[in-house]
Amino acid sequence: MLGQKGRHIITVQTEHSAVLDTCTRLEKSGFEITRLGVDEQGAIDSDELAASIRADTILVAVMMANNETGVIQDMATISAITRAKGVWFFTDATQAVGKVPVSVRAPDVDLMAFSAHKFYGPKGTGALYIRRRDPRVRLMPLIDGGGHERGSAAAP
Amino acid sequence: MNGAPQRHPERAGNRRIRGSSRLAARRLPMDMPAIESLRGRFEASMGALEEVYINGRGGTRLPTVSNISFRYTEGPALLAAVTKNWLFPRVRLAPLHPGTLHVLTSMGLGRDLAFSSCDSASGD
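From first to last, the protein sequence lines stand for chains X and W. For reference, each letter of the first sequence is one residue, going 1 to 156 in our numbering. For reference, each letter of the second sequence is one residue, going 1001 to 1124 in our numbering.
It cannot be assumed that every hint is accurate.
[Unchecked claim] Residues of chain X clear of chain W, computed beta-carbon distances all greater than 12 Å: (1) LYS5; (2) GLU32; (3) VAL38; (4) ARG54; (5) VAL71; (6) ARG133; (7) ASP144; (8) GLY147.
[Claimed, not checked] Subject to a maximum C-alpha distance of 20 Å in a straight line, what follows is the list of computed SDA-like cross-link-like pairs (lysine to any residue): (9) LYS85/X / ILE33/X; (10) LYS123/X / ARG1071/W; (11) LYS123/X / ARG1018/W.
[Said to hold, decoys possible] The following residues of chain X were derived to be distant from chain W, with all beta-carbon distances above 12 Å: (12) ALA51; (13) THR69; (14) LEU111.
Calculated directly from the structure, the hints in this document are not laboratory data. Every residue gets a Cβ at the ideal spot worked out from N, C-alpha and C, and that includes glycine.
Just need the whole structure built from these sequences, with the hints factored in.
In structure tokens form, the structure reads like this:
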């Protein structure tokens, strides 16, 4: 399990509260969170990101586009850094999907979340992309009790 | 909610997401250039005003979003002006959503200027 590798997560100060508050919750249960700063344009410093990754870092969470300013992070560079360091890369692409071309392969991401109401879909629905190979990403279901979505979702 | 046969067929699920994804992909190249052009004209006009700042300008941004700060403008005045005159289908005022101020303060804005800001979006 990834938790055995370490309990350090890197995110950004300008993330949506959905990520920041989750990180704060994890912090209370023993995880260590690094929150990267941004420059005046809202972009993170890729050198700072690379320097922040440690042996016990398990996840980098950087949103693709900011919900307040629309600032788009340099996904290709972040992906290259995380791939080289062997750390999972999660991106919240909620604001970007439907506004700019989005792919899970270029750049490579391990996990990508988005919400359907941003692109003509119904409110309250969304999707989570989970990489299947190289490396295979497996998540523990939040609720046990069913084998749906290859064991990731319980809906008995 | 319609769109899938799960639960005989009372629950709409994955197919609805796939359908909306296809629609968004088809519309994106048609809609976004025009929206970005309008956003550019809007920001050019706003940016010409004194003590008005386009946040994130100069970097890579979504074509649909404008985040603007108005120095020396207090929240209630901003709210009244925006409610009366704004053009965008969605406007979010920092005074009404203080939970979003961390984005602007992280970019170096003082709290007062961040509080006198709003973000506008079209295409949502």
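Hints violated by the structure (numbers, ascending): Violated hints: 3, 5, 10 and 13; rest satisfied.
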